[in-house]
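Q: Residues per chain are reported as follows:
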Amino acid sequence: MNLRILITGRNKKIASDLSGRIQEDKNYSVIRCQPSKDELFQVVPLEMPHVIIICLRDETRETVKMFDLLKDCINTGRVTIIVVALDEDRSLFMKYTGLGKIYFMSRPVSIFALYEKLMEVDKELSKIKNLSSLMMTEYINPNVSKDDGRRTVLVIDDDPQQLAQIKTNLKEFYHVSLVRSGEAAFQYLDKKLPDIILLDYIMPEMDGPEVMRRLKVSEEYRNIPVIFLTGVTERDKVVDTLVNLKPQGYIVKPAKKVDIVTKIIEVIDAWEDEQDED
Amino acid sequence: MKIDVRELKAVGIDMESVKAYTKGKEGYLSALRMYCRAYSANKENMDNYFAKEDWENYTIIVHSLKSNSRMIGALALGDEFERLEMAGRKLDLDTIKKYNYETSIHYKRIVEFLEPRVKADEGAAADALSAEQAGQIMEALLEALDDFDDDQSAALAAKLSGYPFPEEKRGLVGQAEDYIKDFMYDEAADLIRELQACL
Numbered sequence: 116m117n118l119r120i121l122i123t124g125r126n127k128k129i130a131s132d133l134s135g136r137i138q139e140d141k142n143y144s145v146i147r148c149q150p151s152k153d154e155l156f157q158v159v160p161l162e163m164p165h166v167i168i169i170c171l172r173d174e175t176r177e178t179v180k181m182f183d184l185l186k187d188c189i190n191t192g193r194v195t196i197i198v199v200a201l202d203e204d205r206s207l208f209m210k211y212t213g214l215g216k217i218y219f220m221s222r223p224v225s226i227f228a229l230y231e232k233l234m235e236v237d238k239e240l241s242k243i244k245n246l247s248s249l250m251m252t253e254y255i256n257p258n259v260s261k262d263d264g265r266r267t268v269l270v271i272d273d274d275p276q277q278l279a280q281i282k283t284n285l286k287e288f289y290h291v292s293l294v295r296s297g298e299a300a301f302q303y304l305d306k307k308l309p310d311i312i313l314l315d316y317i318m319p320e321m322d323g324p325e326v327m328r329r330l331k332v333s334e335e336y337r338n339i340p341v342i343f344l345t346g347v348t349e350r351d352k353v354v355d356t357l358v359n360l361k362p363q364g365y366i367v368k369p370a371k372k373v374d375i376v377t378k379i380i381e382v383i384d385a386w387e388d389e390q391d392e393d
Numbered sequence: 008m009k010i011d012v013r014e015l016k017a018v019g020i021d022m023e024s025v026k027a028y029t030k031g032k033e034g035y036l037s038a039l040r041m042y043c044r045a046y047s048a049n050k051e052n053m054d055n056y057f058a059k060e061d062w063e064n065y066t067i068i069v070h071s072l073k074s075n076s077r078m079i080g081a082l083a084l085g086d087e088f089e090r091l092e093m094a095g096r097k098l099d100l101d102t103i104k105k106y107n108y109e110t111s112i113h114y115k116r117i118v119e120f121l122e123p124r125v126k127a128d129e130g131a132a133a134d135a136l137s138a139e140q141a142g143q144i145m146e147a148l149l150e151a152l153d154d155f156d157d158d159q160s161a162a163l164a165a166k167l168s169g170y171p172f173p174e175e176k177r178g179l180v181g182q183a184e185d186y187i188k189d190f191m192y193d194e195a196a197d198l199i200r201e202l203q204a205c206l
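These protein sequence lines are chains A and B, in that order.
Count along the first sequence starting at 1, add 115, and that's the number in my numbering.
Count along the second sequence starting at 1, add 7, and that's the number in my numbering.
Simulated from the structure, these hints should not be mistaken for lab results.
From the three backbone atoms N, C-alpha and C, an ideal C-beta is built for every residue, glycine too.
Be careful, since some hints might not be right.
Unchecked claim - Below, a list of computed lysine to aspartate or glutamate pairs in the EDC-like style, where the Cα atoms sit at most 16 Å apart:
id : chain 1 : residue 1 : chain 2 : residue 2
1  : A       : Lys282    : B       : Asp156
2  : A       : Lys307    : B       : Glu150
3  : A       : Lys371    : B       : Glu23
4  : A       : Lys306    : B       : Asp154
5  : A       : Lys286    : B       : Asp156
6  : B       : Lys115    : B       : Asp54
7  : B       : Lys97     : B       : Asp61
8  : A       : Lys282    : B       : Asp158
9  : A       : Lys306    : B       : Asp156
10 : B       : Lys50     : B       : Asp61
11 : A       : Lys286    : B       : Asp158
Said to hold, decoys possible - Pair ranges (Cβ atoms, derived):
id : chain 1 : residue 1 : chain 2 : residue 2 : range
12 : A       : Asp305    : B       : Gly142    : 25 to 33 Å
13 : B       : Glu119    : A       : Glu387    : 43 to 51 Å
14 : B       : Ala48     : A       : Asp322    : 18 to 26 Å
15 : A       : Glu162    : B       : Val18     : 34 to 42 Å
16 : B       : Glu33     : A       : Thr175    : 33 to 41 Å
17 : A       : Asn142    : B       : Lys32     : 45 to 53 Å
Unchecked claim - Output of the computed footprint for chain B on chain A, the stretches with three or more beta carbons under 8 Å from beta carbons of chain B:
id : segment
18 : 268 to 276
19 : 295 to 304
20 : 311 to 319
For reference, chain A alone in the conformation it holds in the complex:
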């Protein structure tokens, strides 16, 4: 099988070394990707790698959180994630990302161990007792939901053009339901509950804040996280509303696909953490 291996991360030297070695020694396709949100977002769904190798270096909370994008980008099934890192970066990665299963390798990288893991993936073996197991430690995040189903996003906006645009941006990663008014939203909610709501701020008859108020007073709906959709001109108004109604955030329209998805991931993660604490 021609494994597709994506290599990324701030440690460009290691990334480059690994890339060169794997291409020279093995018959695998290697894709290099800059460790940026935009590029990961574009490349991962496009290339659909079997393995992602992340080479960490001098990371911060923000730089590792970016890899949370991989959670919703990887919707086709198994992707093996291997992180090459020293202890400090490893701790940061474990603390701030919500990825389900990661193989950590410390530095210097044992290329043989890595090849063994790649072969293992290639042969679709789950676990073997060999050098790779000795050189790598498997970490399974206990906090990640076992449910791998796509999340459902309900978008409420009076403008069909905005609705269509948002759906185009999100449908690759989520089930997306669209309604044009607060009234229709409550009809929807009578039948099913989404994982998150994107709510237009300015709408006729029942505006965004009013929808939000009604959601908050409902036992059934108050636990659904809400992100306001707002234009630049009313952003200040929305910020005031944030203080009073406490939605989970806002997105300024028009928004790039990567920004909407990142925001959704951030909000759901934070929301779930909060619920766990309660």
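Go by the hints and put chain B onto chain A.
A: Just chain B, lined up with the frame of chain A:
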């Protein structure tokens, strides 16, 4: 018909500015079609609210038009709608009355330019349906509409044109499809129930 980027630029539409927001050329074309399709209703609403001096709803509609215009790269037109929106918020009636007509004309010009250029190719004709098949499709369609499933609804509605509805009712299928494209599920369902009575 092909879209010429230079032609677009000549009428004030900057396709490059919206690349980050639309998914490729097809996504952009789809956004343009939707923009054109919404013109009649939007223009009518804008005119009505202006005539009735319903400045709250007038502001909401120009706010929408501002965003939608920017979304297709009609940045100057978006700025004009923003001017009207800000005026509406402040109840600056002088500004609204001064620029409403000019902005309407600009909006009309853009749509008239786009419409012939973005018209979708006629798809393949739907398969012919028996009354029984049409009935089953309509039941499934009503369920999909009740479920707020726009994709499934659109797919089922497209099949319905294969049934020979009476002449005076045939237009309702197309109208239902348009309602579905605009996510107006209840309105589409009403038309489908009307068509059910024809079987």
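Q: With reference to the structure, classify each hint as holding or not holding.
A: Hint check results:
With a C-alpha separation of about 12 Å, the suggested pairing of lysine 282(A) with aspartate 156(B) holds against the 16 Å cut-off. Straight-line distance between C-alpha atoms of lysine 307(A) and glutamate 150(B) comes to about 14 Å, which keeps the hinted pair within the 16 Å bound. As the CA atoms of lysine 371(A) and glutamate 23(B) are separated by approximately 14 Å, the hinted pair is consistent with the 16 Å bound. A C-alpha spacing of about 8 Å is found between lysine 306(A) and aspartate 154(B), which places the hinted pair at or below 16 Å, so the restraint holds.
A distance of roughly 13 Å separates the Cα atoms of lysine 286(A) and aspartate 156(B); the hinted pair therefore holds under the 16 Å criterion. Distance check on the hinted pair: lysine 115(B) and aspartate 54(B) sit about 13 Å apart at the alpha-carbon level, within 16 Å; holds. For the given pair, lysine 97(B) sits about 14 Å from aspartate 61(B) by alpha-carbon distance, which is consistent with the 16 Å threshold. Note on lysine 282(A) and aspartate 158(B): the hinted pairing holds, with a Cα-Cα distance of about 11 Å set against a maximum of 16 Å.
Between lysine 306(A) and aspartate 156(B) the CA atoms are separated by roughly 12 Å; this keeps the pair inside 16 Å, and the hint holds. Restraint check: the Cα-Cα separation between lysine 50(B) and aspartate 61(B) comes to about 15 Å, which is no more than 16 Å; the hinted pair holds. Pair hint lysine 286(A) plus aspartate 158(B) holds up; C-alpha atoms about 11 Å apart against a cutoff of 16 Å. About 27 Å separates the C-beta atoms of aspartate 305(A) and glycine 142(B), a value consistent with the hinted range of 25 to 33 Å.
At roughly 50 Å, the beta carbons of glutamate 119(B) and glutamate 387(A) sit within the given window of 43 to 51 Å. Judged by the Cβ atoms, the range 18 to 26 Å given for alanine 48(B) and aspartate 322(A) holds: they are separated by roughly 20 Å. Checking the proposed 34 to 42 Å range against glutamate 162(A) and valine 18(B) shows it holds: the Cβ atoms sit about 38 Å from each other. In this structure the supplied range 33 to 41 Å holds for glutamate 33(B) paired with threonine 175(A), their Cβ-Cβ distance being about 39 Å.
About 36 Å separates the C-beta atoms of asparagine 142(A) and lysine 32(B), a value inconsistent with the hinted range of 45 to 53 Å. Here's how the segment 268 to 276 of chain A fares: 4 of its residues keep a CB closer than 8 Å to some CB of chain B, so the rule of at least three is met and the hint holds. With a cut-off of 8 Å between beta carbons, the segment 295 to 304 of chain A has 3 residues touching chain B; three or more are needed, and the interface restraint holds. Requiring three or more residues with a Cβ within less than 8 Å of a Cβ of chain B, the coverage given for the segment 311 to 319 of chain A holds, as 3 such residues are present.
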